[in-house]
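**Q** Here is what each chain is made of, one letter per residue.
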Amino acid sequence: MAASTQPARVVVIGGGLAGLASAMKLAELGSKVDLISLTPVKRSHSVCAQGGINSCNDQTRQLGDDEWKHLDDTVYGGDFLNHQPPVKEMAFWAPKVIELMDRLGVPFNRTGEGFIDRRRFGGTLYKRTAFAGATTGQQLLYALDEQVRRQEAAGAINKFEFWDFLGLIQDETGRCRGAVAQNMNTMEIRSFPADAVVVATGGCGLIYGRSTMSVFCTGSAASRCFQVGAKYANAEFIQVHPTAIPGADKLRLMSESARGEGGRVWVPRTPQDPRSPRDIPEADRYYFLEERYPEYGNLVPRDIATREIFDICVNEGLSVEDDRMCVYLDLTHIERSELDRKLGGILEIYEKFQGVDPRDEPMKIFPAVHYSMGGLWADYVKSADGGLEAGAPRNHMTSIEGLYAIGECDYHYHGANRLGANSLLSCIFTGLFTGTSIVNYAASQKSGANDVPQSLLDAAVKAQQDRHDHLLNGNKDSDENPYLIHQELGDIMTRVATVVRKNDQLQEAIGKVDELHERAMRVNLADTGAWTNQNVIFAKALQDMFPIAKALLRGALQRDECRGAHFKPDFIKPPLTSDDPVERRRQAEAWCDAFQENNEKYLKSTIATWNSSTNQPELTYEDVDTSLIPPRPRLYGLVGAEAIEEVWNERAAALAGNAQPAGSH
Amino acid sequence: MIALEPSIKNRPEFINVRVRRQDGPGQKPYWELHKIKYEREMNVISVLQRIAAQATTVDGKKVTPVAWDCGCLEEVCGACTMVINGRVRQSCSALVDRLFEENADEIVLEPMTKFPVLRDLMVDRSRLFKALERVEGWVPVDSYYNLGPGERISREDQERNYPLSQCMSCGCCLEACPQFTKIELTRQEGETEEAFEARKKAEYDEAFVGPHAISQAMLFNNHPTGKALAAERLEALIGPGGISACGNAQNCVAVCPKEIPLTTSIARAGRATTLHAIKKWFDR
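Residue numbers (this note's numbering), protein chains in the order written: chain A, 1 to 665; chain B, 666 to 949.
These are calculated hints, taken from the structure and not from any lab test.
None of these values were measured; they are calculated from a predicted model.
Since no wrong hints were added, every one of them can be taken at face value.
Here are the simulated lysine-lysine pairs, DSS-like style, with alpha carbons at most 30 Å apart:
id, chain 1, residue 1, chain 2, residue 2
1, A, Lys-476, B, Lys-693
2, A, Lys-352, B, Lys-702
3, B, Lys-892, A, Lys-96
4, A, Lys-32, B, Lys-892
5, B, Lys-700, A, Lys-476
6, B, Lys-865, A, Lys-32
7, A, Lys-601, A, Lys-502
Residues of chain A placed beyond 10 Å of chain B at every Cβ, according to the derived structure:
id, residue
8, Pro-277
9, Ile-280
10, Pro-294
11, Glu-316
12, Ala-390
13, Ala-392
14, Ser-399
15, Asn-450
16, Pro-453
17, Lys-476
18, Ile-510
19, Gln-596
20, Val-624
21, Glu-642
22, Glu-646
Yeah, the Cβ is synthetic: ideal placement off N, Cα and C, and Gly gets one too.
Modelling step: build the complete structure from the supplied sequences, incorporating the hints.
**A** Now the structure itself:
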C-alpha cells in the first residue's frame, strides 16, 4: 500500500490529556485512531491535576512578560536540564492552547468583566495560570473527552477502554508496526497493527508505593517500550510535591494553588506546641518559606519548598505532630467565599478525607512523590527560530522508529524540576503539536498498517500469551505475593530516592531491588482465572516497574551533584561565608568556577538503555540543548547570591561579547 | 462537616468485611466474610487492598482477591463507586471510622445494582457514557486549529456551569434513580461484536437516559457555542427515555457526591423541552 493514499492508522496508548489531545488532533487530520486505555478515558489520572495551566497573557504582557520569560522561568526552574527548543515551542503555543481549551468549553474562572482569570504559581513572579476552580485537570480532560466522544460518534476514533497495553509489534528492522493489548475483562489478547504508535501513559509514581498518582500510574507501558529498545531519559528526576495529605492508601495532592491564592506554610516555633493552631500568636509562628525566601515566599519552586519542609521536620524537629511529620498550610486568613470560588474542589478533598474544614483550621501537609520529569527519550527537529520544526516526522519519535512518546512519559520539558501548571500545558501541547508529525511520518512509509505480515502479528500476540500463561501457572511452588513485593519496593524507593539521596543508601537499594526483581519474576498468583483477573494484570505491571526503578536508582547514584529535584547533600555547593568584600569576591569566583566545572560534567541527560541479558540498565550521557538561554546558577535564597550573580553576569557578558546580562530578553 | 472524634472509643482490633461476590456475568452471587486488622485512617480502598494481599477468608479459606475498580483515590475520577453499607458512594472517600458510626459490626460491600456485574464489585458502566453521546455532550467547534479565544463568559454563567461540569460519571444518581433500570444483554451465539454493540446501543437508546446526561445537556445548552446543538439535545430529551421518564423522585440529587444540582437541571430541561415542543408546533 502506498500509505499516503489512505488515512493513517494510529494507535494511541493512554487516554489522559496527552493521549486525548493526540487522538482528537489525529482524527481532525484524517487519521483512524485506536485509543487504548486501562480505564474509561474520562477517569484518567489527569483528573487529579488541580491548580491550572500556564501561559503568558494580556495582563502579564503589560507587566513585561512574554513567551521568552515563560521559557526562562521554565528552564531556570528546571535547573537547565530542559531541552530548550521544545520548551520554547511550548511557551509560544501556550496562549493558543488555552484559547483552544476555552473554545472547547472549559469553565475557566472569570474576572468580573468575563475574561479568563489568572493566578500566580510557583517559580514565577507573573500571574500566568488559568484555572477552573481547583479541578483544572479534570475540566481540561473532560473537554477533550467530549471531543473524543464526538470524533468516536463520527467514526474517526475507536476506543478500547479496560484494555492493557502489553507490548509493541516490531518488524525485523526494529520499526514499530503496532501494539498488542489485552482486554482486562475477557482477558483476550489481540494485535493492533498501525502506521505509528503513540505512548501517552503518564508517570511512574506507583514505583514508590504511595504517591499522589492514580493507581494506573505504574510506568509499566513506558517500561514495556524501554525493555524492547526504547531509550529512557532522566529517570532519576522525580518531583516530590511539597504539599500532600498523608493517607494509608494514597498521598493526596494539596494543590500549589492553595499557596498561589495566598496560603502560608508555617510551624510553631516551639516544637510540637500543644496549643491549637488558631491559638498560636503570630510571634510564635515560624513562616519558614517566607523568612528564608523573601522574594518568592511560599511560591518558591517545588523542589525547594519540599526540601525546606523536609528540613524543618527532619533536621530541626519542628514537625507539628510528634509521631508523624507534617507542617501547617494555612488558608484561614482568606475570606470563605473567595476560598470556595477559587479552591472549593481541593478544600472539599481535605474536608472529606481528614474530617476537618481547612477554612477554619490550617491543613496538615507533607511532601509526596508527584511527577516524573524523566521518561522515554524522544527526538525533535529544531527550527531556524530555535523552536521545533512543525510537521517534522522525528518530533517526539522515540529511539524505536514509528513509536512516539508524549505527555508526562516524555522527558524534554521539565528538566530537573517541573514548575507548577506547566504539566497540563506540556501534555496538551505535545498531543496537539505531534499530530502533523505523525501523519507525515505515516505518509512517508511505503509499507503501512495493512501490510504488516500476519506472522509478525501472531508472533507478537503469542509472546504476550506465553507471558500471561506462565504467570498463571508457572510458579506453583513459589509463595511470592505481588502485593507484598510492591510494598517492599515502595518502601525502599521512598526511603532512598525521594527528597534526600545518599550514595551508600542508593548502592544498597540497588542490591535489594535486584533481589526483589528476581522475586517478582516468580510470583504465585492467588487468582488463576480467565475472567477479569486483576491479579495477573497487577503482577505484570509490578514486574515492569523494576526496569524503571533500576534506571532511576542507577541514574541517581551516578549523578554526583545537586540539580533540581535530585538533591545529594554530599555534593552541595556551599554558600559564601566571608563578609570581607575582597574575600567574598574571591569566594564568588571560586563558586562560579565550581559551578561551571560541574555543568561540564553533569549538565547532561541521563540515557538508559535496557540490557535484557543482564536485566540491568546501561547509562550514557547526552548533551542538553541550551542554545537559547545560557545556563546560569540557580540561586533562590542562597547566601551570597548577589555576589555570585555579579560574577556570573560579568562572565556571561564577556562570553557574549556584549554587556547584556544573561537571561534577560 | 463535623471533625472526627479524636478518640473514638472502642476502636476495634479487627474489621469484619462482608463482600457480595460474583465470578462473572450472569453467575450466581455469593457472600464472603473477610477479617482484617484495623488501622488508623483507613478507607474502603485500603480495606480492599488488605483483602487482596491476604486473599483468605475469615475461615482461612484461600480465595481469589476481590475485584474492584478504582483510580484516583481522591473522589474525582468516579471509578470506585459501589454500594457500601447499603448506600451508593465512592469507596475512596468512605472512611472506616465513619462507617463504624453507621454499623459497628461489619462493613458490607456490594456492586452497584443498575449495571451488569463484570466480576465482584466491578460493573459495566458503558451505558452511562453512551448517554453522553445521546445528548451530544460536547461543544461543536469548527476545528482544533488556533482561531483565537472563545466568547467572553460572565462570571455568573461560569458559576452556573462549573458545578455541572464537575460530574465525574460515577453513576450514583443512576443507582439511586427508580426510573433507571438495569439492562443486561448477553452476546448471542454467532452474533458479531459489532452487531452486539449495535443491539446494546439500540436498547440503551430506548431506555431512560439518566439525570447525569440531562444535566450535561443543560450544561452545553448554556454555552455560547455549545448551544448551536440545543435543538438536537432537546429532541433527544423529548424522545423515549428522555425527560418524561423522570419520575421526580429526587434521589439523584440526594446521593450525588459532588452535590450537582441535578434536579435543577432536570427542571430546566423540562421547561426547555416544553418550549421547544410548542415552538416546533407553531413552526409546522
